[in-house]
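Trainee: The sequence shown: position 20 = 20 (the numbering used here), numbered continuously.
There could be a bad hint or two in this list.
[As the list claims (entries may be wrong)] In silico EDC-like pairs for lysine to aspartate or glutamate, Cα to Cα no more than 16 Å straight-line: (1) 259 / 244; (2) 177 / 244; (3) 177 / 113; (4) 259 / 73; (5) 234 / 61.
The hints are simulated quantities; they were obtained by calculation from the structure and are not laboratory data. As the structure is a computational prediction, the values presented were derived from the model and not from experiment.
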Amino acid sequence: MLRSIAAAAGWISREAGFRFLARRRAACAAAIVAMALALGANTAVFSVTRTFLLASIGVPDATRVFLVAPLRDMPGRGAVTFNDAYPNYQMMRSMPHPFAAMTTVLQGVSSWEDHDETRPLQSARVTASFFPTMQVFPALGRAFGEDAEGPSPANVVVISHAVWQSGFAGDSAVIGKTMRIDGALCTVIGVMPAGFGQPAPTDIWMPFDIPPRLRANITGARTLGTYARLGSDKPPALAAAAADAFTAAALKANSVDNKDFRYSAQSMRSFLLNGADKTVLLVQAGAAVLLLLAVLNLASLLVAWGYDRRQEIAVRRALGASGPRLMRQLLTETAVLAFASTALAMIFAAWT
Numbered sequence: 001m002l003r004s005i006a007a008a009a010g011w012i013s014r015e016a017g018f019r020f021l022a023r024r025r026a027a028c029a030a031a032i033v034a035m036a037l038a039l040g041a042n043t044a045v046f047s048v049t050r051t052f053l054l055a056s057i058g059v060p061d062a063t064r065v066f067l068v069a070p071l072r073d074m075p076g077r078g079a080v081t082f083n084d085a086y087p088n089y090q091m092m093r094s095m096p097h098p099f100a101a102m103t104t105v106l107q108g109v110s111s112w113e114d115h116d117e118t119r120p121l122q123s124a125r126v127t128a129s130f131f132p133t134m135q136v137f138p139a140l141g142r143a144f145g146e147d148a149e150g151p152s153p154a155n156v157v158v159i160s161h162a163v164w165q166s167g168f169a170g171d172s173a174v175i176g177k178t179m180r181i182d183g184a185l186c187t188v189i190g191v192m193p194a195g196f197g198q199p200a201p202t203d204i205w206m207p208f209d210i211p212p213r214l215r216a217n218i219t220g221a222r223t224l225g226t227y228a229r230l231g232s233d234k235p236p237a238l239a240a241a242a243a244d245a246f247t248a249a250a251l252k253a254n255s256v257d258n259k260d261f262r263y264s265a266q267s268m269r270s271f272l273l274n275g276a277d278k279t280v281l282l283v284q285a286g287a288a289v290l291l292l293l294a295v296l297n298l299a300s301l302l303v304a305w306g307y308d309r310r311q312e313i314a315v316r317r318a319l320g321a322s323g324p325r326l327m328r329q330l331l332t333e334t335a336v337l338a339f340a341s342t343a344l345a346m347i348f349a350a351w352t
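All chains should be built: construct the whole structure from the sequences, respecting the hints.
Mentor: Below, the structure is given as structure tokens:
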């Protein structure tokens with residue numbers, strides 16, 4: 001019996017709470033929309049923050065993968081990053097260094113003759129050490145080895161997950177099929193995992209090859225990007241020390257072509273974000289401030305309502321309403337606002 005009375009009292013309290021909110025529809029709607037926008041904006045901004053700062057950009061331990069590149073001081077521009085030449089890459093690989101793996105990449109645009117349509121693809125000619133350097137391997141099929149590299153590279157190709165989906169409809173039997181790329185018939189041997197497209201953007205990876213004249217020249221042949229993964233037991237400071245050693249070795253090997261350059265080792269994450277991490281953090285802080293203001297405004301509204309209802313609450317107390325019952329009513333009103341704001345915020349966040 002007591003339980004029934006308590007349940008009825010609770011229902012009456014909640015009913016009174018709903019009636020109170022119904023009498024203030026405009027104020028409630030404004031509060032719900034304001035909270036929904038603040039919550040939704042925070043959710044959307046956090047998604048961006050997660051993508052830029054917390055995600056691994058498709059590469060495990062991306063802070064341990066370094067772009068090893070020559071810098072040159074340019075008038076009015078400061079230090080400018082350049083691509084490198086193949087002889088310098090060979091020199092770096094042959095000397096002692098703290099990196100567990102090192103690779104060089106030649107990026108470009110290739111044409112894929114897909115039936116009657118020619119599709120441009122972002123391509124990368126990479127050494128076989130590219131996959132161990134990135135610590136990312138095909139999710140389907142296999143990667144190619146050093147025996148596939150040029151001169152006269154093997155006509156094989158590893159495709160991105162996006163190309164696999166758009167060009168082959170995600171067919172699991174894609175391994176062994178052929179693609180006519182730049183006029184040559186290439187066999188698909190692997191499909192990379194979803195979300196991987198390094199060096200960004202890349203659609204297909206093929207065995208490394210460059211014209212013979214670029215294999216020995218430095219001047220006019222700076223077309224390659226060199227990446228290196230620091231050993232797991234090595235501190236990041238060793239990457240900068242290795243860059244200094246590469247600079248000295250490059251000057252010793254060719255003091256004419258390398259005289260104005262010095263090497264730097266910049267982590268892949270910082271190179272790709274290029275200051276975007278600070279911008280995203282500022283946006284996140286702004287969204288947090290917006291949420292705080294919305295919460296404070298809602299709290300002020302509830303306090304104002306409470307002050308305005310002093311007489312109503314006093315009458316209810318005089319009629320025998322207990323303190324816990326009145327508290328349940330107030331909590332019910334707050335919960336309705338919170339749940340409505342959250343539901344609308346989820347819709348807004350999903351849409352953004």
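Trainee: When you check the alpha-carbon spacing of residue 259 and residue 73, does it fall within 16 Å?
Mentor: Judged against 16 Å, a Cα distance of about 12 Å means the pair holds.
Trainee: Sort out whether residue 113 lies within 16 Å of residue 177, counting only the CA atoms.
Mentor: holds (14 Å)
Trainee: Please verify whether residue 259 and residue 244 have alpha carbons no more than 16 Å apart.
Mentor: holds (14 Å)
Trainee: Between residue 234 and residue 61, does the CA-CA distance stay at or below 16 Å?
Mentor: holds (13 Å)
Trainee: Would the pair residue 177 and residue 244 pass a check requiring their Cα atoms to be no farther apart than 16 Å?
Mentor: violated (46 Å)
Violated hint: 2 only; the structure is consistent with all others.
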